[in-house]
Each structure stands twice: as C-alpha cells, then as structure tokens.
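**Student:** Respectively, the protein sequence lines represent chains C and R.
Residues 486 to 768, numbered by this note's numbering, are exactly what the first sequence covers, in order.
Residues 12 to 287, numbered by this note's numbering, are exactly what the second sequence covers, in order.
Careful, some of the hints might be misleading.
As the list claims (entries may be wrong) - Simulated pairs of lysine-lysine, PhoX-like, Cα-Cα distance not exceeding 20 Å:
{"id": "1", "chain 1": "C", "residue 1": "764", "chain 2": "R", "residue 2": "107"}
{"id": "2", "chain 1": "C", "residue 1": "492", "chain 2": "R", "residue 2": "186"}
{"id": "3", "chain 1": "C", "residue 1": "589", "chain 2": "R", "residue 2": "278"}
{"id": "4", "chain 1": "R", "residue 1": "278", "chain 2": "C", "residue 2": "583"}
{"id": "5", "chain 1": "R", "residue 1": "281", "chain 2": "C", "residue 2": "586"}
{"id": "6", "chain 1": "C", "residue 1": "583", "chain 2": "R", "residue 2": "186"}
{"id": "7", "chain 1": "C", "residue 1": "764", "chain 2": "R", "residue 2": "110"}
Stated by the list, open to error - To give an idea of the chain C side of the interface with chain R (calculated C-beta under 8 Å), a few residues:
{"id": "8", "residue": "508"}
{"id": "9", "residue": "568"}
{"id": "10", "residue": "597"}
{"id": "11", "residue": "668"}
Worth flagging that the hints you see were computed from the coordinates, not collected in a lab.
Cβ coordinates follow ideal geometry from the N, Cα and C atoms, glycine included.
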Amino acid sequence: MTRAREKGMQILFMVAASISILAVAVICVFIFGNGVPAIKEIGFADFILGRVWSPNQNIYGIFPMIVGSIYVTAGAILIGVPIGLLTAIFLAGFCPAKLYKLLKPEIELLAGIPSIVYGFFGLMVIVPIMQDVFGGSGKGMLTASILLGIMILPTIITVCETNIRSVPESYYEGALALGDTHERSVMRVVVPAARSGILAGVILGIGRAIGETMAVIMIAGNQPVMPESITDGVRTMTANIVLEMGYATDLHRDALIATGVVLFVFILIINMCFSQVKKKGDC
Amino acid sequence: MKKIKSPISVIIKIMVFLATLITVGVIVTLVVYILAKGIPNLKPELFEWEYTTENASMMPSIINTLIMTALALVMAVPVGVFSAIYMVEYAKRGSKLVKLVSLTTETLSGIPSIIYGLFGYLFFVIALGWKLSFMGGAITLAIMVLPTIMRTTEEALKAVPDSFREGSFGLGAGKLRTIFRIVLPSAVPGILSGVILSVGRIAGETAALLYTAGTQAKVPESLFDSGSTLSVHMYKLMSEGLYTQQAYATAVVLLVMVVLINVLSSKLAKKLQKEY
Chain C
486 MTRAREKGMQ ILFMVAASIS ILAVAVICVF IFGNGVPAIK EIGFADFILG
536 RVWSPNQNIY GIFPMIVGSI YVTAGAILIG VPIGLLTAIF LAGFCPAKLY
586 KLLKPEIELL AGIPSIVYGF FGLMVIVPIM QDVFGGSGKG MLTASILLGI
636 MILPTIITVC ETNIRSVPES YYEGALALGD THERSVMRVV VPAARSGILA
686 GVILGIGRAI GETMAVIMIA GNQPVMPESI TDGVRTMTAN IVLEMGYATD
736 LHRDALIATG VVLFVFILII NMCFSQVKKK GDC
Chain R
12 MKKIKSPISV IIKIMVFLAT LITVGVIVTL VVYILAKGIP NLKPELFEWE
62 YTTENASMMP SIINTLIMTA LALVMAVPVG VFSAIYMVEY AKRGSKLVKL
112 VSLTTETLSG IPSIIYGLFG YLFFVIALGW KLSFMGGAIT LAIMVLPTIM
162 RTTEEALKAV PDSFREGSFG LGAGKLRTIF RIVLPSAVPG ILSGVILSVG
212 RIAGETAALL YTAGTQAKVP ESLFDSGSTL SVHMYKLMSE GLYTQQAYAT
262 AVVLLVMVVL INVLSSKLAK KLQKEY
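Next up, chain R with everything else stripped away, as it sits in the complex (with noise of 0.2 Å):
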C-alpha cells in the first residue's frame, strides 16, 4: 500500500528541491564562466618578472601576495595560538579577562575589511608616517586574522582529551612541557586548519589594503614600499578598464588558489576528525 503524499509535502520537498538547485547552478556558472573566460587569457608575458604596462603582469603581485601572506601568519599565528593557549589551558572559565577577550574576538570578527582598511591608513600611513608599506598591511591583515586563528586553536586544544594532560602530569611534566609536548602536536591538524583559512582571506583580501600597502604593481625593496597583492592588482586592472582580459586572467589564478586552498583544509579536517 503506497502512502499518497499531502499536497503541502509535495511543495516542501519541491521548494527544497529548487533552492538548492539554485545554489549549485550559482556556484557552477561562477565557477564554470570564470575558467572558460580566463583560461584563454593565461599568456605567458602575464607571468614576466617585470610589470609594465604593455604587458601588465601579475608576476610582482603574486610574489607580493606570498610575501604579505608570510608576513601577516609570521605576527598573527603566534599571537593566536598563544592567547588560544591561555583562554584554553589557563584561564579560569568565567572570569573576567576571558569574557572580555571572548567579546574583542567576537567584535574583530565582525568588523568588515574597509574598517580594518581605514584603520591601517589612520594608524599606520598618517600617525605613524609609514607612508603606503607593505608593513602596515600586513600588520592590519595580522589583526584581521587573528579572531580566525584563536577560535580554530582554541576549539583543535579543547578536542585534546584531558587524558592527554593527565597522563603527561602523571609522568611528571611541568604545564608549560605538557602544552608543548603533548597538546599542541595534538591539535596541530586544527590549528594548521586555521592558518590555511588565513591564508585563503589574506590572498583574496583587497579593501584592507588598498590604502595601507597601496598598488604598486612591484615587488618591494624593503618592508616599508608600496606593493600590490594580487586581489589589488585585479581591482587596479578592473578599474583602469583598459585590462579585461588580463582581469579574468587574474580571477583564474584567484579562483585556482582558492579551490588548493579549500582542499587543503578540509583534508586536514578530516584528518582532525579520524583521529579522534
């Protein structure tokens, strides 16, 4: 005996039905029209050392994007970690340091990217006198990703089973041998995790640099120049409006590193998961 649906279900599971069909057809035509349009502009001389602007390459802007990448993770990963660590290993739950650095965290991410931008013009260009420097960006990305890297530590360190500490008090070990010894190689695949999804916002960031390193399509001679990332370059192409072609060359590579990036981390999450 077959059960005849209600007519209400029908139109449930067909609303369900359409919306996702949406989703995905919105992800595949993105997806799809940024690689059938780009790939055919991939030419050699976009990736010649030297930017000029005949041949308008984004070889400095990709270089600079590894560098900014490298030097925000240098001042935030450590930062985060180590604040994951206090609010985590020692902190009493509940007190008011915690709440109060649980909120700021909060605050921080939420703040939208021109904020952030805004702020690193203020405080780094004007008050500072750094003029437009890859420093100053890279210092305003550090505090842009350091509410990502605390809360995928803080969340890898609380996965660590307390048997873990117990054992290693047990044999011994001080706090501080135990945090480093036993916790922190145990949640490694977390934070890694963490960092990854940094890396993933720091390449495609542009509002917050636009004035902080500014759009100098070169590589710096030192930390205090002005230098492009790669998402900037994109956006100086897009609204010069003379480099179209060079501008879905430049999605492509975007969109590439995304998707290593996306895979990368969800690998190590998966990793995170079977082991424990």
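Looking at chain C on its own, in the form it has when it is part of the complex (with noise of 0.2 Å):
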C-alpha cells in the first residue's frame, strides 16, 4: 500500500517535471504551425527581405521591423551596458556595505516594474525632452533604445556583480601584491576574469531587449519603415503583433503570426548563445 502510493507519487512529480517540455513542444508547434505556412504563402524572401509592410495591398515585408528591432537593441546594449558593467563593478569592487544595503534593494525594484509602467514614463518623461532636444515627435529609435538601456538596468547588473564576486579572491590579492593599487587590481584582473558571466548578462538584457513589447510600443512611433537616422520613428517586430493582432483577419493575421515566428527564431538562437556561454563559464 505504501509502496503504492510512493510509486504513485514519484510518477505525480515526474509528469509534472514533464509538463514544461510539454508546454516547449505546444508552444513551438502553434507558433510555427500557423507561421510557416503563411511564411511560404507569402515567399520567403518577400516576407524575410521585403521592405513594403502594406496589408491592405496584401504586401507583407517584414525586413524594417527586424533591422528596427535589431538598431533598438543595438541601441540599448551601448547604454545600458556600459552603465550596467560599471554599476555592477562599483556594488562587487568599492561601495560601503552600508551603501550596498541602500542600492540593492532599488535595483531589485527596478526589475519588477512593470513593462507598462516604463513605457508610460518614457511617453511623460523622455518622448517630451526628445521633442526638446531634436525636434519632431519625440518618439523613435533613440528614444526607445535608452528606455530599453533602462529596462535592461537591473539584469545586467544583476548577472554581473554575481559574476564578479564569484572571481576568487586570490586574484584580486596577487594583483595588490605584485604593487597594483585597488583600482586596477579589480578593472584589469577581476572583472576580465569574470568575463564569460559577463557576456551571459549581455545576452540575457539582448533577450530581454529584443522580446520588449509594450514600452516600446508607446514610444518607438510605429511606423513601418526603414529608419534614416536615429531619431526616425521605428517598428519592432514585438510593436508589429501587438497593433495589428487586435483587427487583422487571414493573411494579414497569418502575416503577425509569422512575425513572431521571426521573433521566435532569434530568440531561440540568443537562448542558445546564452546557454553556451553559461556552460563555458562554469567549466
């Protein structure tokens, strides 16, 4: 009776443990299942490296929304990594345990704030001083990209000083003992010794940056088109699905579906990248 029930039990927890490659295998089937036909309907080429988005002339190219969703993410990694790193190096290498109990609670808040929230705060705060600043809306792919630089804040700064800590100590003390003073000892021996967590946070905030859909969608002005500058108003692929989903019918919807197809692709290929980088530095 017992072993019964223990059997039973360990079996419970296995179909549970089993549930999320279920959950994988559905997902990707739906996605893909209602995406790659109307990839092929379309063409592959046309839709991939088509530069026309124009549903009502049944036109599906989808080539500025992956260069604007490529140029937006580009675009936050060279804000938010820098300032990210650097923070990270800061919390890890000089800042006062007293301090420390100060900033790491606010990361943790910048990290649960809602996507919605920020998009709000970028339409408020930072769309008005663009239009300050150069002119036209405000919104675009400037602004969009330090919103998302924001956004990625707390990831990579997260992953980072985990990953700087994790360095041991001896480097850090053969550094001070062949005369380097504490500074360099940390920039040129800690932190390149923590490099391969490092370009993990780096592919996490891509991740993160590129799946981004509802900040950017109230700042990134939408229009599908090739972006000319960097103030030129951009449409992501996220921004794509989620305008036209609410209204599109056969094609057109199949078309969205497709997209995140693409979507779906490049976030797979970056899970990968991370995973990989992730193995490597546990090794």
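Reassemble the complex: the two chains are provided individually, in unrelated frames, and hints are given to aid placement.
**Tutor:** Take a look at the structure:
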C-alpha cells in the first residue's frame, strides 16, 4: 500500500516535471504551425527581405521591423551595458556595506517595475525631452533605445555583479601583491576573469530588449518603414504583432503570427548562445 | 606617507561612481516622478465598483488582477513545486529527462511575453474556441511563471541539508513522508519568494494578456469571460489617449504593489539565509 503510494507519487512528480517539456513543444507547434505556412504563402524572401508592409495591398515585408528590432536592441545594449557593468563593478568592488544595503533593493525594484509603467514613463518624460532636443515627435529609435537601456540595467547589473563576486579572492590579492592599486586590480584582473559571466549577462539583456513589447510600443513611433536616422520612428517585430493583431484577419493575421515566428527564432538563437556561454563559464 | 594614486586609478574610480550615480538617478527619477504625478490623481471615483467611461474606475481591474493572480498560481505552483521535487529528490543527476527539463525550463524563461500571448491566442482563443477568456489568460500566465517557481523551489530544496533527510530516514520514515514532512516545510520561505516573484510578473503583465484575456474593464461573471487586469487596463487608458490622469493614478497603484512585493520577497529571502 505504502509502496504503491510512493510509486504513484513519484510518477506524479515526473509527470509534473514533463509539463515544461510539453509546454515548449505545444508552443513551438502552435507558433511554427501557424506561422510557417504564412511565410511560405508570402514567399520566404519577400517576407523576410521585403521592405514594404502594407496589409491593405496584401504586401507583407517585415525587413523594416527586423532591422528596427535589431537597431533598438543594439542601442539599448550600447547604453545599458556600460552603465550596468560599471555599476556592477562599483557594487562588487567599491561599494561600502552600508551603501550597498541601500542600493541593492533599489536595483531589485527596477527589475520588478512592469513594462507598461516604463512605457508610460518614457512617453511622459523621455519623449518630451527628445522633442525639445531634436524636434519632431520625440518618438523613435533613440528614445526606445534609452528606455530599453534602462530596462535591461537590473539584468545586466545583477548577472555581472554575481559573476564578478564569484572570481576567487586570490586573483585580487595576487594583483595587489604585485603592487597594483585597488582600482586597477579590480578593473584589469578581477573583471576580465569574470568575462564569460559578463557576456552571459549581456546576452540575457539582448533577449530581454528584443522581446520587450509594451514599453517600446509607446515610444518608438511604430512606422513600418526603414529608419534613416536615430531619431526616426521605428516599428519592432513585437510592436507589429500587438498593434495589428486586434483587427487582422486571414493572411494579414497569419503574417503577424509569422512575425512571431521570426522573433521566436531570434529568441531561440539568443537562448542557445546564453546556455553555451554559461556552460563555458562553469568549468 | 601618502601613496599617490595613478591617474588611471582615479579615472576608473570616477567612471564607476558616475555609472552608479546614473543608475540611482534613473531609479529615483522614475519613482519620484510617478508618485508625484500620480498621487494627486488618486481620486475616490477611480475606486468605484463599476467601470464607466466617466469615472474610468480601476476597481474592476484590481479585482481581476487578484483573481488572475490566484488562478494562475493555483495552476503553476503545484506543477512547479512537484517538478522541482522530482528534479532534486528523485531524478538521477545527468539523466536525459533532467537535461531535457532544464533545457526546456531555460527556454521557457527566455521566451518574451508577446510570444506567450500569441501562443495563448492561437491555442485557447482560436484552436479551443474559448474566445477571449480569463481562463485562457490564466493558463498562459501559469506557463510563463512556471520556470520561476521551478527554479526557486529547486534552489530551496537543494539548500535543505542532507542530514535532515538522513535523520528522517533513520527514524523509519519513507521517502514521501520525508519530502512532505521534513524537506518541504524547511524549504517554504524559498518557495514563497519564488511565488511572490511570480505574483509580481503576473500583476505587471500586459502583452501576454491583451489577446488572451482581453480588455473588458469589468469583473467577469464566469472564468470564460473576458476581463482586463490592472496593467492591461492601464494600457487601454493610455492608448485611448483621453485618460492620462487616470493612467498616472494606475501607475502609482502598480508601483506601490511592486514595492510591496519586493519588500516581502526580500524579507523572506533574508529569513531563508538566517536559517542555514
């Protein structure tokens, strides 16, 4: 009796563990199953490389959105990584314990704020500033990059800090013993030793930035055309889905799902890079 | 004798100080701005039970957020905790199933919410024909927070010393009893901090709910009706463009919620650290 129960529960636990496998499988089947036929119907090259997105005329080219996502993400990395990494170095190597107790919860708070609130903040604060500085609508690539740069800060800071802290103390002591200053020991010995962990943090940040939707939609302008300057409006793949899903039908709807497929492939590649880098860092 | 610092050291110091200053500046600006603009807009009519276009009340959405959170957690917590139990207590390390489960959990945690939303729409709204429903949204969110609950529970279980298990076995308890009576109770604070993190994600989620649970600003009569959570409600207020003040107020409510959630989860994490 007890043995049967033990066995039964073990099987139940195993089934529970298999649910995440099932979930990934079902998600893949539904996204790819609905999106891939649409890509075939539109034509792979026309869809991926087409520069015109005009559902009214049945033209579906998402090249501007792919470029938009990449530009905005790259901008976010350019802004977020230096600030985040340096903040992490400060927290791990320079921060007095008392100040650390104050700073750490603040950074955790930044990670918990919903993206819709970030979007609102961007719309109300960053957009007017951009209007003043560059003129125009204030919505565009640069605005989106700045906001996304802020949004990936907690990810970058947390991952980098953990990895910098896990570098053996002996590295730092060795550098000090060779006559280096505290600052240079941290910067030139400890931080480079944590580089694979830092890279993992950056990749995680890329994943978050490229998948971000609600904040970007508020401030990127959302024009489905190729941006020509950093203040031009852009539409990301994520924004494309949310903006038009509400009223799209037939091939238009399928084209939006296909946009999801492309985004999903991007995410899978990023995930793969992340686990590769993490694996390398472990040994 | 005072050591003269090299210019490079000074530059490094200035750089890390500046970066931290920017980070802190951003956080303070964000929080203070939302609070300063939002609190004056917190008017009593925003908390009336019924939503009308005049009062733009957020009360139904607040109730919806609570129901949605409870519903998603009811599904995600047992599955997450059970699979963590399997991974830590039963599975042989390095077995194929363990590797596959870790891989898929990692994949799930990397998938952006809009993809979850798209999946929920295709699966629940279209394939199952549920239309926009609370249930569809809740299941979508349950899948979304599953990796968080699994990972924190796994860590909490691993942190329980083996001597606890050995003591229990030594007293003649079976594996199941050991897990439920000894291991799980000691892991509760860790599990709870994962649950609280998930509450934060669910309450703040918009993209995954927009096309699964929909944007209807009233408390649904059944779980298969549409209903908007607070974040979705805020998105709607903003996109309509007429309700900026109400959006400010909603932002405050969301922000306060996040702060509370953070305080709670860090308290629990501290408790966990103290115990071992």
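**Student:** For the pair supplied as a hint, residue 583(C) and residue 186(R), is the alpha-carbon distance within the 20 Å limit?
**Tutor:** violated (44 Å)
**Student:** Would you check the hint for residue 764(C) and residue 107(R), treating anything up to 20 Å between C-alpha atoms as holding?
**Tutor:** holds (17 Å)
**Student:** Given the hinted pair residue 492(C) and residue 186(R), is their alpha-carbon gap at most 20 Å?
**Tutor:** holds (10 Å)
**Student:** Quick check on the hint: residue 508(C) CB to chain R CB, less than 8 Å?
**Tutor:** With Cβ-Cβ at 5 Å, under 8 Å, it holds.
**Student:** Can the hint on residue 597(C) be confirmed by a CB-to-CB distance to chain R that is less than 8 Å?
**Tutor:** holds (4 Å)
**Student:** Regarding the pair residue 281(R) and residue 586(C), is the alpha-carbon distance no greater than 20 Å?
**Tutor:** holds (12 Å)
**Student:** Between residue 764(C) and residue 110(R), is the straight-line Cα distance small enough, at 20 Å or below?
**Tutor:** holds (13 Å)
**Student:** Verify the interface restraint on residue 668(C): the C-beta must sit less than 8 Å from at least one C-beta of chain R.
**Tutor:** holds (4 Å)
**Student:** Is the Cα-Cα distance between residue 589(C) and residue 278(R) 20 Å or less?
**Tutor:** holds (13 Å)
**Student:** Closer than 8 Å between Cβ atoms is the bar; does residue 568(C) clear it against chain R? Give me holds or violated.
**Tutor:** Holds, about 5 Å.
**Student:** Taking 20 Å as the top limit, are the C-alpha atoms of residue 278(R) and residue 583(C) close enough?
**Tutor:** holds (17 Å)
Hint check: a violation occurs at hint 6 only; the rest are consistent with the structure.
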